[in-house]
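Each chain, letter by letter, is given below.
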Amino acid sequence: MGFTTTKENQNAVVAPLGNLPNEKSDFQLPENPLVVIEPSKGWVPLNLRDIWQYRDLLYILTMRDIKVRYKQTVLGALWAIIQPLFTMLIFTLFFGRLAGMPSDGIPYPLFAYAALLPWTFFSNAVTGSGNSLVGNANLITKIYFPRMIIPIASVASGLLDFLIAFGLLIFLMFYYAVGLSINILMLPVLVILTSLLAIGIGMWVSALTVKFRDIRYALPFLIQLGMFATPIIYPSSLVPEKWRWLLYLNPLTGQIEAYRSAFFGTPFNWLALSISTVLTLAILFYAAYTFRRMEKSFADLI
Amino acid sequence: MKPIIKVENLSKQYILGGEQKQYSTLRESIVETAQKPFKAFKRGEDKEKNNFWALKDINFEVTPGEVVGIIGRNGAGKSTLLKILSRITEPTTGKIELYGRIGSLLEVGTGFHPELTGRENIYLNGAILGMRQTEIAKKFDEIVDFAEVESFLDTPVKRYSSGMYTRLAFAVAANLEPEVLIVDEVLAVGDAEFQKKCLGKMKSVSDKDGRTVIFVSHNMAAVKSICRRGILLKNGALTFDGSAISAVDSYMQGGSDLSSFREWKANDMPGNNNIKIRRAAVYAQGKDIGDPILTSDDLVFEIEFYNEVNNGIVDVTWDLMNVQGIHVAHLGATCSSSNTNRGWLKTIAVLPRNILNTERYVFSVQFGKNQKELLFRMEDVLIFDVEDGIENRGSNFGKLPGVIHPVCRWQTETVI
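Those protein sequences? They're chains A and B, same order as listed. Note that our numbering has the first sequence beginning at 7, numbered continuously upward. Note that our numbering has the second sequence beginning at 13, numbered continuously upward.
These aren't lab readings, by the way, just hints derived from the structure by calculation. One thing to keep in mind: the hints can contain errors.
Pulled from the structure, derived: some chain A residues nowhere near chain B, Cβ distances all over 12 Å [stated by the list, open to error]:
1) 65
2) 146
3) 155
Here are the computed lysine-lysine pairs in the DSBU-like style, where the Cα-Cα straight-line distance is at most 35 Å [unchecked claim]:
4) A:47 with B:170
5) B:246 with A:217
6) B:18 with A:77
7) B:18 with B:277
8) A:148 with A:302
9) B:213 with A:73
With beta-carbon atoms standing in for the labels, derived distance ranges [to be verified]:
10) A:79 with B:285: 49 to 59 Å
11) B:160 with A:181: 32 to 42 Å
12) B:144 with A:52: 14 to 24 Å
13) A:38 with B:162: 42 to 52 Å
14) A:38 with B:280: 40 to 50 Å
15) B:271 with A:79: 49 to 59 Å
16) A:73 with B:418: 52 to 62 Å
17) A:223 with B:336: 37 to 47 Å
18) B:254 with A:41: 20 to 30 Å
C-beta: ideal position from N, C-alpha, C; glycine also.
If we strip away everything but chain B, and leave its shape as in the complex, we get:
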C-alpha cells in the first residue's frame, strides 16, 4: 500500500536565546555581525548548549484511510510535528512527502475577526482553511445547521457566547474536505453534547469518506476510541508506533516516569500570567512523600502556586485518570469564598481510602476563575501507583478488575 504521508529522518532544531530571540533589534544584529569573526572560537561549545532538538529523526508512513493518534507528554514534540506537517514551520533536516491535500485544524476559529458577523466569519475562516468561495457557499446551510446559530448570523461574533463561537468555528472546520485532516486537541472545547457531535463528525470523515486523519490529543480515551494506530513521542523521538491501545498503554506505563512529587525553580515554573505552579505532590496521609501508597491509605494531593488574579474567585480542579485512559474523577473546589488574593497559595485535598483500585494513576490540574474562565491547565502533573492494600481479597493475588475498589459492608444471613 502506497503511503499518503511519508516522513523521513525528520528533525527540527530550535536555537534558544541568541539568534532566535523573540524581538531582535537592528542594533543587536549589527553588533552581532561585527562580533562574528571574534566569536568564531567560542561558537562550538555555545552552540551545543543553546540548541534544542524539538524533533529528532522521526520516521513513519501513513496509508490512506488510516486514523493515527499522536500522543506524548507536554514538550514531546507533538505540536512541532503538526506544525511541520501543516507547513507552518520548516524542518531543520529530513523530508516529508505528501500525496494528498492536507487540511489542518491546530486551533478552532483561526482568523475569526470579532468585528465581523457570523456570516462573514464563515467565509473568512473557510478561505483561511483553504476552501474555495463556491465550496463554502454550497455548504453554508450545513455549517449553520451544525453550529446552531441561525438567528445570530448577522451579529458580530464579539457578541457571541463562547459556546456559540466555538460551535461556529468547529462547524466551518468540520466541513473542510481535504484528503488528510490534521486535528490538534480541538475536542477539548465545547460542552459534552457538542463534543459528541464533533467525534461523530470525525467518525464520518474517516468512515464514510475514507479520509486520513491525524489526531493529537491528551485525551487517551478519545485517542483509543477514534484511532486505530498510535504514535508515541518522547523528548522529540518516536518511541512507539503500533496499535492505538498499546500506544496509550505504553504512554501511561513505560512511556512515562513516575512522579509523585514535583518542584520547580523560579525560572521554569509552569504557568502563565495568571498562575505559576511551584510544587505538586501526592502521598499517603501519615506517610512521607515517596512512600508506597496503598489502596487502604487516605490519598493526599496538594499543590502550591502563585495566584496573580486579584478580582475573582480562583478554583483548583484535579482530573484523575487511570492508565486505561479512563477519567476516574473530576475533583475541584474554590480556593476561597470571596475574591482570592494575589500571592502564594497551597491547596490540599484528601481522597478517602478504599476508593481507588491497584493501578497507575495520572493527575492533571487546572485553575479557573469564578468557575467560568480557564486560567491555566497542566496535563500529567503527577503520576503515581496505588499499590495493593486490599484486604479480604480472598484467593485473588494481583490486580482486581474494575475501575474502583470500594470497601462494601457485607452481610450474609441465613434465610428460609
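Next comes chain A alone, as it looks inside the complex:
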C-alpha cells in the first residue's frame, strides 16, 4: 500500500557524479558564443538559417498534422475531395443553373471546381495555420525552436489534400473532354505562390491570435467574405472594366485566374499574375517580420 502518487522513493541514491570541470571533456569551446540571449528591440532579423537547421522538425510536424487529421474518421482522406466537390455541386446548381452565371465558355462545374481547388486549400491553410500557435501552446512554453515552423507546417500539411482533390479535377476534365495544354506546366509555380500567400497570411494571423483571441471568431467570417471577393463562382470578366483593378488588388484573383488558364489552356493574364506575385511577396515579408517581432512574447502570452 502506498499513498504515493508520483514521488516514490526520491532518494534513489547514486554516487556523486560530474568529473572535476573539464577532466575528460575534450571538445573545444568556440571563440564566439553560438547563441547570445538578449532582450530584442524593434525589428528582428528573419533568421532563415535557423529554420533551415530545424527542417527536420518542419517535415515531422507536417507529417504529424497529416497523420492526425484523418485518424478515427471513416471516410479518411476522402474528406479532401468531399469538401470542394459538394461546394462545386451546390454552386453549379445555384449559380450555374439557376442564376445562369457565365463561365468563359468552360462547363460551369469544371469552371467552379478549378477555382475551388486552390481556394479550399488556401482557406483551410489560413484557418489551420491561424490557429496553429495557440493549438501548440504546449510546445511553445516548453521548448525552443523557430516558431515560424508551426504555421508553415500547418500550411504544408494541406498540400496533400490539395493533391488528392486535384485527382478529381483530372477525372472531371476527362468527363467533359477538356484536354490539358502546355499551360499546365505553370501549375507548380502557382501552387508555390498560393502556399506562400497562405503562409504569409496564416503566419500573421497566428501571431495576432496569440494576443487577440477575437481573431478566432473573425477569421471564418472573413474567409467567407474573401470567397466572394475572389472570382471563384464568377469570372472576372463579369466585373465592369472600370472596377476590375479593384479585384486585382486581391492577390488571390490573379492566382485563381491563372489556375484556370493552366488547366484549360486559355491565355494567362500576366499583368494580373505579376500584381499578385508582388503582393504575395510583400505580404509574406511583412508577415514574417511582424511574426519575428511578436515572437518573443509568445511564451508569456499564450
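Using the hints, position chain B against chain A.
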C-alpha cells in the same frame, strides 16, 4: 577555464494585470491606445505596483563538464531562469552567452501526440528536442530498449499506461546529445527503479561524455548526489553559489524561513481546480501553535483544504524531510472510506513522540485521488524545528547524531 555559459546581470520582469493579461481582446487594446495619453500621469505609480521581478541581476558562469544544481522555493525564479536559458522567453535586461549546443528538458514528452504510435512519437519528440532524423534512426533501438516498450511500438500512445508513456518520453530525451543539458524535475516521475535508471543515465552523460548539466529540483538528496555545485535562488536573486552540499544546507537553514503555521486569503490560496489549501500548521500536542516543539512532544500536523473532487476518494500524503535533504517519512491516509464530498476538509495527523531527532524539518504535502492520480502537490509547506527534549542523554549536550532518535527500552543485567 573559459565558461560554456555566461550569465550577466540577467533580469526578467513580468507585468501583472494590465498589458500581459492572458486573453487581451482587440477592443481593450483599442480602448487602451485611446486612453494612453490621459494615463501618462498615473503611470509612474501604477507601473511599480504591477511589475514583478521574477529574476533580478543574476550573474554566474558555468564551465564545461560542471554539474550544477539550481535550488530554491516555489516562485524563487528557477523556472524563469530555465526558460530564459532554453530560449523560450526573453530576458528583460542582461545577457547570456552560450558557447555550446543546449538541450532542455523542461517536461517529459513535450509534443507527444496521443493519436500517434510509439514509433511515430519517438521521431516527433526527437525532432522537437532538436535531433536530426538520422540521429534518431541511429539511436532508435537504444531508445526502445531503454523504455522497455518493444511490443507496443505500433500502438497509439493514448493506450499506453502512464508508466510506459513516461519511460518512452524519458528514453527519447536521455538520448539527446547536446553539450549542455538542462533538466527540470524530470526525475520526479516514474517508479523507483526507473528513477534509478534515469539518475544513472545522467551520471553517464556528465561522467563519460564530460557534458555540462544544469539540474533544477526540489529533491535535495538528488541535488546533493548528482551535482558538485549548487546555486540558490531566493525571490529572484542569487543568494548562494558554491558546493552543492553547502547550497542545500543554506537552502534548508538560513535560506528558508521557519513557518510552522501558514494561512492564505481566498484569492491566493495555493492549489488548482481540484484542491485549494487554506491553512496548514504543525505544533506540539497540548501546546499552542508557535510554541517550541520538543522531541518528547507528540507532533500534530494539520491541513485545511477545499476539495473540488466529488467522484473519488481523496488522500493526503505528507513528505517529511530533514535539512540534510533526507526523506525521513512518507505519511499518508485517505480522507474517507467512500467518495469524498466536495467542500472544506481538515485532516489532522499525530506523529508519536520520541521518533524525530533535534533537527530542522520540512513538510511537503500532496493530494491524490483513489491513491492513483495526483491532484496537487506543494513543496515546503511547513518548515519547523524540533528542539532538544531528549532525556537520558548522558553527557552529550547538542544534537545527537542520527536521522531519528527513538526511546529504547534498555536493560542491563549481570551475567556470568
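Violated hints - listed by number, lowest first: 1, 2, 3, 4, 6, 7, 10, 11 and 17
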